[in-house]
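Take a look at the letters that make up each chain.
Number of protein chains: 2
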Amino acid sequence: MGLKDQSTEAKILNAAKEVFMKFGLYGARMQDIADLAGINKALLHYYFRNKEKLFNAVFESALEKYFQQVTVMGDTSMSVEERLFKYVDNVFDFFEEYPQMTMFIIKEVSINPELFKQKVSKLKENKPFVVPMLQQAIDNKEIAEMDPIVFIVNLHSMCAYPFLGAPLFRGMMKNNGYDWDQVKKEKIKDAVKEFISFKLNRKDV
Amino acid sequence: MGLKDQSTEAKILNAAKEVFMKFGLYGARMQDIADLAGINKALLHYYFRNKEKLFNAVFESALEKYFQQVTVMGDTSMSVEERLFKYVDNVFDFFEEYPQMTMFIIKEVSINPELFKQKVSKLKENKPFVVPMLQQAIDNKEIAEMDPIVFIVNLHSMCAYPFLGAPLFRGMMKNNGYDWDQVKKEKIKDAVKEFISFKLNRKDV
DNA sequence: ACAGAATTTAACCATTTGGTTAAACTATAA
DNA sequence: TTATAGTTTAACCAAATGGTTAAATTCTGT
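Sequence lines, in order, name chains A and B. Quick note, the first sequence lines up with residues -12 to 192 if you use this note's numbering. Quick note, the second sequence lines up with residues -12 to 192 if you use this note's numbering.
Honestly, the hints are just simulated from the structure, not real lab data. Do not take every clue at face value.
[Stated by the list, open to error] Each computed DSS-like pair below joins lysine-lysine, with the alpha-carbon atoms no more than 27 Å apart:
1. K109(A) x K73(A)
2. K38(A) x K38(B)
3. K38(B) x K174(A)
4. K180(B) x K128(B)
5. K104(A) x K104(B)
6. K104(B) x K161(A)
7. K73(A) x K73(B)
8. K9(B) x K180(A)
9. K172(B) x K73(B)
10. K161(B) x K109(A)
11. K73(A) x K(-2)(A)
12. K128(A) x K73(B)
13. K73(A) x K180(A)
14. K128(A) x K128(B)
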């Protein structure tokens, strides 16, 4: 590609991201993407030969961003608890910025599981995943006994679902006089951290 | 409608449910629904005049089933903890049977928030929602102090996300030699119940 | 048996959709 | 200036898609 053509290609990718995330591969319309990018269809096909290629570009970028931000946990100088707190902060920041991305990835992988096999393999390789860190801390008696997989899934659930289910929660709470996005921002994260402390420090097993 | 024509209409609805849940309103193809139901397009339009009407039938039925099963909690003869355990059992059963339904409802409401306003109002009216029960138990000092909304959202997150994110979890765990659906079935529910006990019984606040 | 309703089908139709083409415009480097 | 590569557009095209029509078949009660 050229040098200063940042603009048009970026506009296309941003528009495509928005439309694909909302409607998925089959539901998305190339015309809508072109309109949103402020160009016409032919130019769209000039940059990305077809729908599939454009979708792949969007999906890969989404997946990369997702795994990049959702596996970061601070450095080894911190305690396990601090690192998990940091992890939660990262996950929340990510969902705040890209609330639809998780849903998008899940949906598309669910429709076409091949996507996962093809795209994720290369990403996960060199990532310091959370589970080994926990297992090591457990072995060292730094933290309480637990199943690290179950724990990390619980943790991730408590972070992710408030954003995924936001359209429902918003509707349900509005009727009861609550503002869901307010509750989410102010209270959920604290509750998650409380859960972490509980699980790491409990003495009985 | 007729009397014994259960069959065709039911076949259509089942097929439509499957296709709409997978691809959403815009992504779904009427031809695919007809094929899956084993009939042709014209018959499809004979039963449901158009795509929108068919979608509404599916969506309403999904929403109804969802709220029906996800608000049931056993009777008042049980303790709060028992009722919440029962609630978790119900939620798990529901997700086991209709793993895609939550995602479907969230997605469609997210695309068209009007859907929620229109369809949910009538359903939520006469349902004994979880929050008031908790608030009352807190007031009576039966259970520990807590924010019932945050609690119920945490709880629901821990139940729902393992099913919603299953396509991702499956992929990620398979590489590490775990079987996600096994883990989910055997361990997650127990962890959720443990969480309930922790929150209800803790003395420090 | 038979009239009328419900059910089913094949053949169509108009619009939408993904994609192409060829021509025009713009920057740029020699 | 001018040849060249990169960029943009309007006009098209074939296939897919939602939807219709009219005729044929099956079911129903009388």
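Hints, verified against the model:
| no. | hint | result |
| --- | --- | --- |
| 1 | K109(A) x K73(A) | holds, 25 Å |
| 2 | K38(A) x K38(B) | holds, 24 Å |
| 3 | K38(B) x K174(A) | violated, 41 Å |
| 4 | K180(B) x K128(B) | holds, 20 Å |
| 5 | K104(A) x K104(B) | violated, 39 Å |
| 6 | K104(B) x K161(A) | holds, 10 Å |
| 7 | K73(A) x K73(B) | violated, 34 Å |
| 8 | K9(B) x K180(A) | violated, 34 Å |
| 9 | K172(B) x K73(B) | holds, 16 Å |
| 10 | K161(B) x K109(A) | holds, 15 Å |
| 11 | K73(A) x K(-2)(A) | violated, 32 Å |
| 12 | K128(A) x K73(B) | violated, 35 Å |
| 13 | K73(A) x K180(A) | holds, 10 Å |
| 14 | K128(A) x K128(B) | violated, 36 Å |
The structure does not agree with the numbered hints 3, 5, 7, 8, 11, 12, 14 stated previously, though it agrees with the rest.
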